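A.B. asks: Residues per chain are reported as follows:
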Amino acid sequence: MENAAGTRRDFLCGAGSALGVTWIAAHWPAIAAAHTHAAAAVAGAGLTTLAFFADADARDVDAIAAQIIPTDDAPGAREAGALYFIDRSLHTWLASGGDRFRTGLREFQNHFAATHAGAFAAATDTTQHAYLTSIEESEFFQTVRALTLIGLFALPQYGGNRDGMGWRLIGFEDRGKFAPPFGYYDRDYPGFKPP
Amino acid sequence: MTRAYRDSEAVDFLIVGSGAAGGVLARELSRAGFAVIVMEQGARLRPQDFEHDELKYWLANGITNDPNVSPQTYRKTAADVAKKSEPGGINPLWYARTVGGSSVHFTANFWRFHPVDFTERSVLGGIAGTSFEDWPVTYEELEPYYAKVDWEIGVSGLAGAHPNEPHRSKPYPMPPMPVKSSGVLLERGARKLGLHPFPAPLAIASVPYRGRAACIHCGFCMGFGCEVGAKSSTLFTMIPEAEASGRCEVRTGSYVFRIATNTRARVSGVHYFDADKRERFQAAKAVVVCANGAETPRLLLMSANTHFPQGLANSSGLVGKNLMFNQGAGAFGVFEHELNEYKSVQATRLVLDFYDADPKRGFYGGGGIDARIGPNPIVWSLTGPQGVRWGKSYKDHLRSFPRTMLAGGHTTSLPLASNSVTLDPEVKDAWGMPVIRCTHKEHPDDMKFAAWLQERAVEILDAAGAQKIWRDPVAEYDVSVHLLGTCRMGNDPKSSIVDRFHRAHDVPNLFICDGSSFVTSGRGQPTMTIQALAFRAAEHMARFARRGEV
Chain U
1 MENAAGTRRD FLCGAGSALG VTWIAAHWPA IAAAHTHAAA AVAGAGLTTL AFFADADARD
61 VDAIAAQIIP TDDAPGAREA GALYFIDRSL HTWLASGGDR FRTGLREFQN HFAATHAGAF
121 AAATDTTQHA YLTSIEESEF FQTVRALTLI GLFALPQYGG NRDGMGWRLI GFEDRGKFAP
181 PFGYYDRDYP GFKPP
Chain A
196 MTRAYRDSEA VDFLIVGSGA AGGVLARELS RAGFAVIVME QGARLRPQDF EHDELKYWLA
256 NGITNDPNVS PQTYRKTAAD VAKKSEPGGI NPLWYARTVG GSSVHFTANF WRFHPVDFTE
316 RSVLGGIAGT SFEDWPVTYE ELEPYYAKVD WEIGVSGLAG AHPNEPHRSK PYPMPPMPVK
376 SSGVLLERGA RKLGLHPFPA PLAIASVPYR GRAACIHCGF CMGFGCEVGA KSSTLFTMIP
436 EAEASGRCEV RTGSYVFRIA TNTRARVSGV HYFDADKRER FQAAKAVVVC ANGAETPRLL
496 LMSANTHFPQ GLANSSGLVG KNLMFNQGAG AFGVFEHELN EYKSVQATRL VLDFYDADPK
556 RGFYGGGGID ARIGPNPIVW SLTGPQGVRW GKSYKDHLRS FPRTMLAGGH TTSLPLASNS
616 VTLDPEVKDA WGMPVIRCTH KEHPDDMKFA AWLQERAVEI LDAAGAQKIW RDPVAEYDVS
676 VHLLGTCRMG NDPKSSIVDR FHRAHDVPNL FICDGSSFVT SGRGQPTMTI QALAFRAAEH
736 MARFARRGEV
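Just so you know, the protein sequences line up as chains U and A, in that order.
Quick note: the first sequence, position 104, residue 104 per my numbering, numbers continuous.
Count along the second sequence from 1, then add 195; that gives the number in my numbering.
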């Protein structure tokens with residue numbers, strides 16, 4: 001387990017020098033309650049309606065997520081439904097952080113509007129990328145980044161990772177049962193021989 | 196067959212904690228004919244209750260101590276202000292709160308300590324500013340109990356596979372787990388460098404064993420409970436066997452907050468909160484504290500009374516001191532082809548050539564390097580190399596998941612009196628009890644050796660043909676799952692809490708056995724030694740009880 005501690009530390013402190021992760025950590029408690037309503041959570045799979053975001057806000061958050069993990073030859077955060085994971089999270093187990101998220105989003109939008117014409121979601125890819133680069137240290141961006149990534153790889157029942165799209169992206173299978181050979185290098189292993 | 200005792204019925208042994216040590220003691224003492232109650236704070240889960248839900252187990256304290264109800268505070272030194280763990284976030288001393296304790300969610304790396312671990316102070320001499328000492332037991336004394344762990348808990352591995360293997364009286368009862376690609380690559384790289392990699396011993400059933408199923412290689416060991424019972428947790432091994440004796444009750448949802456003593460300054464039972472937070476008292480003829488290296492000292496400190504003003508068993512003032520974590524540092528290697536490390540157990544090959552400390556390096560330390568999967572997808576996505584954190588190139592990085600392995604280094608921590616578990620003077624838990632205040636900062640040698648071993652990990656990955664190698668800088672830990680040294684064993688009551696039989700120097704019918712008993716840290720995999728100590732302690736406790744000496 002020692003690396004569990006290491007990795008967990010890296011996540012919560014290293015990656016989490018990102019303020020966003022700290023903020024999320026502060027709101028984990030409600031997830032325990034969320035789990036007691038697992039049946040409701042399952043109903044979150046493949047969500048197509050939003051509970052937390054108004055349409056314009058949803059478009060901006062979706063655009064940010066799509067910059068964080070863009071679509072290329074493979075689906076990105078947008079197709080995997082990261083927006084729906086975030087929306088559902090802020091509506092349920094992260095509800096206590098909802099106001100803070102909205103405030104961050106409003107600042108993000110206002111700051112963008114002060115220097116650009118139109119909404120962030122409507123800007124060109126180059127403009128979006130440049131703007132996000134300029135604010136990538138902000139708590140709001142780090143929060144969206146963390147939630148996007150979690151939404152990409154958490155169980156689909158939480159609203160993201162549609163049809164296991166996130167898992168397919170990175171070649172992970174939750175098949176529950178495997179047998180050797182597991183990978184390329186152990187295929188023709190001759191067996192252990194003491195030196 | 197499960198026994199239920201009344202609160203007023205003074206059982207022979209009341210064990211606090213059902214984990215790696217408590218489970219062993221429950222089974223041994225109940226089989227030896229004694230009436231036993233095991234108090235466990237957490238709930239009891241079945242194999243089918245465990246899920247592949249990384250969000251729940253890694254981020255939401257699904258089975259671990261939750262700061263929302265059981266916060267802790269943390270500071271590096273006594274000069275710093277201790278900071279409270281955030282509600283729902285993470286506790287610095289992290290453990291599984293469920294029947295089986297952390298043996299439920301551990302990775303199951305089962306290395307024996309080497310003879311030198313027990314006599315290292317004599318071998319190397321003292322280290323200024325530390326509490327570095329020999330143990331009051333030797334490897335040879337403990338060896339039969341290591342063999343018991345192998346056979347009765349269930350460890351898979353290959354005997355005689357590496358040149359500095361300590362003496363063993365018996366082979367492993369099960370063959371090693373099938374090698375993974377990371378194991379093949381570690382073996383390849385290490386052998387090129389003249390090292391001696393060998394199959395990693397694991398407390399996981401590689402074949403059906405003692406009524407348990409063999410591992411199905413699902414890949415969710417570290418941090419998760421085993422859904423087929425192949426992991427040799429006390430939940431699946433010792434606890435049911437203890438209950439089958441007809442003399443052992445495992446009382447779940449039971450939070451022991453004070454050990455009671457009588458007018459003769461003997462232990463008489465425990466005060467605990469039941470699942471409904473009602474305060475109750477259970478009488479006992481002897482108490483065995485196996486609550487882990489964090490909760491054990493806390494309970495002793497919370498049990499202070501007029502007889503024991505500094506806390507129970509604490510005439511030395513050392514209860515809670517010498518907290519050790521085990522340092523560590525690894526490196527990730529990305530290879531040309533797929534390894535698919537997310538399948539099967541964490542580690543299948545291990546290098547222990549750097550086990551012994553070498554004064555020529557200029558600092559103390561020893562350790563091992565294993566080949567392993569590292570994180571599951573969510574944690575994989577949230578960590579990653581320094582630099583680019585999002586966008587197309589980050590997406591490409593994420594895609595290297597199946598081609599990546601971790602060469603993980605596991606290393607020593609020196610015992611320091613300044614690293615401790617104390618009671619926080621202000622913060623209370625959801626039951627109104629004082630919480631753990633953890634004070635911890637590594638000795639400089641711990642950091643130096645971890646960095647040194649990280650270089651060796653990089654060399655192995657390079658020799659194995661990694662296309663890309665990345666690593667994080669060696670960092671001080673502010674979270675640990677190895678909770679060691681806080682009630683150390685020793686022959687001298689002035690410098691230790693328990694004697695060589697785990698009996699408290701100050702209280703003849705109080706025993707303490709878990710990671711807190713450790714005198715030194717070992718090289719990073721403590722559970723097997725915790726369990727060997729527990730098997731040995733049980734024999735002596737039974738002997739004392741039969742002679743009326745408890």
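It is worth saying that the hints were derived from the structure and are not from the lab.
What you are looking at is a predicted structure, and each value in this text was computed from that prediction instead of being measured.
Among the clues, some could well be false.
Label pairs and their computed distance ranges (CB to CB) [to be verified]:
1) A:His362 / U:Asp188: 32 to 40 Å
2) A:His362 / U:Arg187: 49 to 57 Å
3) U:His91 / A:Ala409: 54 to 62 Å
4) U:Pro190 / A:Glu531: 32 to 40 Å
5) A:Ala625 / U:Arg106: 44 to 52 Å
6) U:Ser134 / A:Glu531: 58 to 66 Å
Simulated crosslink set (DSS-like; lysine-lysine; CA at most 30 Å straight-line) [stated by the list, open to error]:
7) U:Lys193 / A:Lys387
8) A:Lys480 / A:Lys279
9) A:Lys472 / U:Lys193
Glycine is no exception: its CB is placed at the ideal position from the N, C-alpha and C atoms.
A.B. asks: A separate judgement is required for each hint: does it hold in the structure or not?
C.D. replies: Each hint, compared with the structure:
{"no.": "1", "hint": "A:His362 / U:Asp188: 32 to 40 Å", "verdict": "holds (35 Å)"}
{"no.": "2", "hint": "A:His362 / U:Arg187: 49 to 57 Å", "verdict": "violated (36 Å)"}
{"no.": "3", "hint": "U:His91 / A:Ala409: 54 to 62 Å", "verdict": "violated (43 Å)"}
{"no.": "4", "hint": "U:Pro190 / A:Glu531: 32 to 40 Å", "verdict": "violated (20 Å)"}
{"no.": "5", "hint": "A:Ala625 / U:Arg106: 44 to 52 Å", "verdict": "violated (35 Å)"}
{"no.": "6", "hint": "U:Ser134 / A:Glu531: 58 to 66 Å", "verdict": "violated (37 Å)"}
{"no.": "7", "hint": "U:Lys193 / A:Lys387", "verdict": "holds (15 Å)"}
{"no.": "8", "hint": "A:Lys480 / A:Lys279", "verdict": "violated (37 Å)"}
{"no.": "9", "hint": "A:Lys472 / U:Lys193", "verdict": "violated (57 Å)"}
Against the hints set out earlier in the document, violations occur for numbers 2, 3, 4, 5, 6, 8 and 9.
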